[in-house]
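**Q** Based on the hints, put chains Z and X in the right spot on chain B.
Spelled out from the first residue to the last, the chains are:
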Amino acid sequence: MSTVTAGGVSTGAERPAATRSRPRPGYGRFVLELVMIAAAVVFLFPVYALVTLSLKSPSQIADSPLKPPTSPTFHNFGNAWSSASLGSALLNSAVITALSLVLLVVIGSTGAYYLARCVRGLGYSLYVLFLLGIILPFQLGMIPLYKLVDDLGWLGTYQGMILFYTGIQMPFTVFLYTGFIRALPSDYAQAALIDGCNHRQAFTRIVFPLLRPITGTVIILNAVFIWNDFFTPLLYLGGSGKETVPVAVFSFVGQYVSDYGLVFAGLVLAALPILVVFLLLQRYVIKGFAGGLKG
Amino acid sequence: MKAPRIAGTRLGRRDPTVPPWLFVVPALVVYAFVVLYPSIAGVVYAFTDWSGIGSFSFVGLDNFHTLLHDDRALASVGNTLLLTVAIVVVQNAIGLLLALGVNTNIRSKALLRVVFFAPAVVSPVMVAFLWKYVYNPENGAGLNGILGAVGLGGLRQDWLGNPSLTLWSVAGMVVWQYAGYSMVIFLAGLQGVPAELHEAARIDGAGAWQRFRYVTWPLLAPALTINLMLSTIGGLKLFDQVYAATDGGPGTSSETLSTVLYKEAFVYGKFGYSTAVALVLALFVAAVSLIQLRYLRAREVTA
Amino acid sequence: MSTGSRSLPGRGTVSRRGLLRVGGGVVAATALPSLLTACGGGGSGGKVRIVGVADEQKPITQLLAAYRKSHPDFKASTSFAPTDDVQTVVRTQLAGGNAPDIHVLYPGSGSAMSMVELAKAGLLADLSDMAWTKTIPKSFDAAYRRDGKTYLYSAGSSIIGAIYNKKVFADAGVKPPTTWSELLDVCATLKAKGIIPIALGAQTPWVTQLITYALVPNAVYAKDPTFDDEMAAGRATFADSGWADAMGKYLDLQKRGFFNDHPDGTTYEQQTSMVATGKAAMAVQVSSVLSVFRAAAKNPDDLSMFPFPGGDDPAQLWIPAGIVVGLGVSARAKNATKARQFIEFLGTQENLNAWTTAVSAIPLQRDSTTKLDPALSEFLPIIDADRAVPFMDQRWPNAEVQPAHFAAVQDLLAGKTDVKGALTQMDKAYGKKS
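Protein chains in written order, with the UniProt record's numbering: chain B, 1 to 295; chain Z, 1 to 303; chain X, 1 to 434.
If we strip away everything but chain B, and leave its shape as in the complex, we get (with noise of 0.2 Å):
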């Protein structure tokens, strides 16, 4: 990244080694990584503006909201960190992600195997079942569903949360694996069949661990969802003392009287661990992939 200034030209030219199975390496891959450097700063203009946001007070947000600031204040970090329980609130959230997260790959998984591999019949009418709840709104299922936590009496609890983002988030993940899936080759699984194995040692040993690229990209999938999701936590956990990252947060956005600094600052905490989790996610994706096909 920092040598990309003129002398990054050499130094692209002087790293043969990396480019070893290219036949022309250098010049295209540094007009390249300049194009997509230019296409990361346009990206990042919006999450500049909330670190910047989030490190002025009121009056500077007013004077110039997203001019870099001058003065930079940590105030608002403080202030949410006590005003808005954040300690606590990352707790709760990574608790209930985490769990949820476990679900959603175990059940998913052995659930899109099925799907993908019987893709007539019994198969594809149950993928399409699982389709629809991708499909049906959020809405219509609400206040039964309300109900229904209600009466097992796990309204304010995590096991309610985790049970309400296994299930709601089950058609995507289902979707998710069952497309990757259907695109792996079905002879690994086959030989350990004949092998001996039965079907769950086949999936477990030979599968699942083929599975590695989507596995990431269903665990980063749904944690965003479910780490930024505000409207059933605070509907199932408010006032509970187990409220989520943005409940804790956004009880701080009024009609009238908002503060601001402070769901800033609140926001950029909360993204941190997320994108921390998408960095290590994806080192082990691709180290999975290495290590996934030579088999």
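Note that these hints are calculated values from the structure, not bench results.
Note that CB positions come from ideal geometry on N, CA and C, so glycine has one too.
A hint or two may mislead.
Here are the computed lysine-lysine pairs in the DSS-like style, where the Cα-Cα straight-line distance is at most 27 Å [claimed, not checked]: (1) X:K279 with X:K120; (2) X:K47 with X:K58; (3) X:K338 with X:K149; (4) B:K67 with X:K279; (5) X:K298 with B:K67; (6) X:K279 with X:K175; (7) B:K147 with X:K58; (8) X:K58 with X:K371; (9) X:K58 with X:K69; (10) B:K147 with X:K75; (11) X:K298 with X:K166; (12) X:K249 with X:K191; (13) X:K249 with X:K428; (14) X:K193 with X:K175; (15) X:K47 with B:K147; (16) B:K147 with X:K334; (17) X:K433 with X:K420; (18) X:K167 with B:K67; (19) X:K298 with X:K193; (20) X:K338 with B:K147; (21) X:K334 with X:K149; (22) X:K191 with X:K175; (23) X:K191 with X:K167.
Here chain B is said to cover these stretches of chain X; the calculated rule only asks that three of the stretch's residues, wherever they fall, bring their Cβ under 8 Å from a Cβ of chain B [what the hints assert, rightly or not]: (24) 91 to 101; (25) 270 to 280; (26) 292 to 298.
**A** Quick look at chains Z and X alone, frame taken from chain B:
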């Protein structure tokens, strides 16, 4: 070569590897409990005059008749479709280009992936709020300020206030937020393209475009199916961003089916009617999606 | 294609067992926490559950802390969120039979969480036996009471007027106007000096209504105090009333160039910063946002308020004063007694003062202990002379008129409709059954 073997599998050769249906039961149970059963139970309200609180009576198909003459709801259908087409085309095109770009061996690829995905991590309501700063209509502020600074002052706009532009401003915001999302799905697909295939094609003398067209593109089919379906459904159901950015305004110029649905249910207190609108929306989305799915799946097989 | 594997019995049973093992693990994992809560389930009993909008967070949190000092065993759980989300949450909880003990409630009628709407459905507890309700003036009846019973707790009223930048006014050599023609002169002077006379953030829907609300009291209620009853009886319409004059004046301000460019694309936040930084001289706003304008300014004391003159006789100026968003006790509150005691506590003079101070409003009752924001002092004589009118929507029969008003004003500012067209849209919405 591996490609024919992969294609052969997908063509549905008799396959003894189909696992027993019990594999799908846990997923089905959770899904039925959280989504299917409540949704079916909720359909009842479409045939009532329920306000959302208190008692109600059944009114048969009255709500559906009302919908046929509801100018506001009908006008929003056009907006919904325009928004969806714009998002599906632009978001996926950009997402694919980004994915191809960061799937090369450029040095900043790991960081760039995070940067492109970062907007998707921020909550949609806050994204809308931030973009209101970007879309400030003043000459020296936000996007207009940047346009002015780079000599494109003539392109300055009243982004959210001009009724014929608002919808596209919202689309721009959504594309910005979710292009990285599409990228991630495309990336998962690209990582399933074995490097040996590219190598073999290169040795056969294929250029970059030919390698993309005949090696990468066919193998991206599952990722493309997923992305197109998700963005279509997402576009048709789009709510948070529109509601937070414009609330359907100015006037009613950016009203979508989802904002109408929400307002009927929770602002106007016409829950029964809004459920009828929701049902029609669901049928509409289902029809579009199934046609799309049939086409895309057929394409996956023949690609 | 899928039948192949089922013909191999051995394989099928093994994987079923395996799957059950996996499945059993999942069931155990989800069931275990539920057992744990079943044991500790009684913990939330006796806690008064309060759900409010974010704008109420400051006074409620403050007064809860005060209440706990005298009632150390009082336990409450609070939840605050943006207005739209709270409305949706509370309505869902009411529909789901799990009402909070105390929840947000809007005065009068005209919104989905308004007193009339919920009282009609039998969802509110009658608060009439509380001491503080005896002091509610007759003119506020429609906001607090339905069929003679009080259902709403609200600490007082906020007024709509012009929030202005004193420094900008002084630099331009102008004083707060007291008549409509003076206002036009002041605006013209400011404009000639390159200052935006009136900042308007009509991109934010609720801001669109404020100028109409500021003008309608003089244009309508000064002439016909019973206008709301006439409307309700179907003997009057928006289009053929003083509303047309008010809307005409609104539009006239735009035609004269007294607003910022592109008001439909300008947000409330941008409006705030224009006035706070002195780019604009004033904004027609609710007194509740004074603190926001002040926080945005380098010198908070630069900002004050004056009554926005809708008419030409300063001695006969009418203003809008709306009851601020308050609280109701659910008819099915699980902790009804405790909830009522807390509301009773909120009704004392000291606490009316505390609540209204937190939101820059005027308390329901004033006495020697009441310390008002000096910016509001010019409004008091008008209120005491009974020339204050509730915000118009608080008497509208359904929740569709207000959004129709927002849309009409935006269309008007965008040049997509005229005054007649805008008011006809509102009349159409008014005619719908709630």
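**Q** Each hint: holds or not?
**A** So, going through the hints one by one against the coordinates:
1. X:K279 with X:K120: Between K279 (chain X) and K120 (chain X) the Cα gap is close to 47 Å, so the pair fails against 27 Å, i.e. violated.
2. X:K47 with X:K58: holds (20 Å)
3. X:K338 with X:K149: holds (20 Å)
4. B:K67 with X:K279: Holds: K67 (chain B) and K279 (chain X) sit about 17 Å apart, inside 27 Å.
5. X:K298 with B:K67: Cα-Cα ~17 Å, so holds.
6. X:K279 with X:K175: holds (17 Å)
7. B:K147 with X:K58: Not satisfied, since the Cα-Cα distance of roughly 31 Å exceeds 27 Å.
8. X:K58 with X:K371: Holds: K58 (chain X) and K371 (chain X) sit about 18 Å apart, inside 27 Å.
9. X:K58 with X:K69: holds (17 Å)
10. B:K147 with X:K75: holds (25 Å)
11. X:K298 with X:K166: The hint holds at about 13 Å.
12. X:K249 with X:K191: holds (18 Å)
13. X:K249 with X:K428: holds (22 Å)
14. X:K193 with X:K175: holds (15 Å)
15. X:K47 with B:K147: holds (21 Å)
16. B:K147 with X:K334: holds (17 Å)
17. X:K433 with X:K420: holds (22 Å)
18. X:K167 with B:K67: Judged against 27 Å, a Cα distance of about 25 Å means the pair holds.
19. X:K298 with X:K193: holds (22 Å)
20. X:K338 with B:K147: Roughly 25 Å separates the two Cα atoms, so the pair holds.
21. X:K334 with X:K149: Roughly 21 Å separates the two Cα atoms, so the pair holds.
22. X:K191 with X:K175: holds (15 Å)
23. X:K191 with X:K167: holds (16 Å)
24. 91 to 101: holds (count 7)
25. 270 to 280: holds (count 4)
26. 292 to 298: Coverage by chain B holds here, the residue count being 5 at a Cβ distance below 8 Å.
Comparing the model with each earlier hint shows violations of hints 1 and 7; every other hint is respected.
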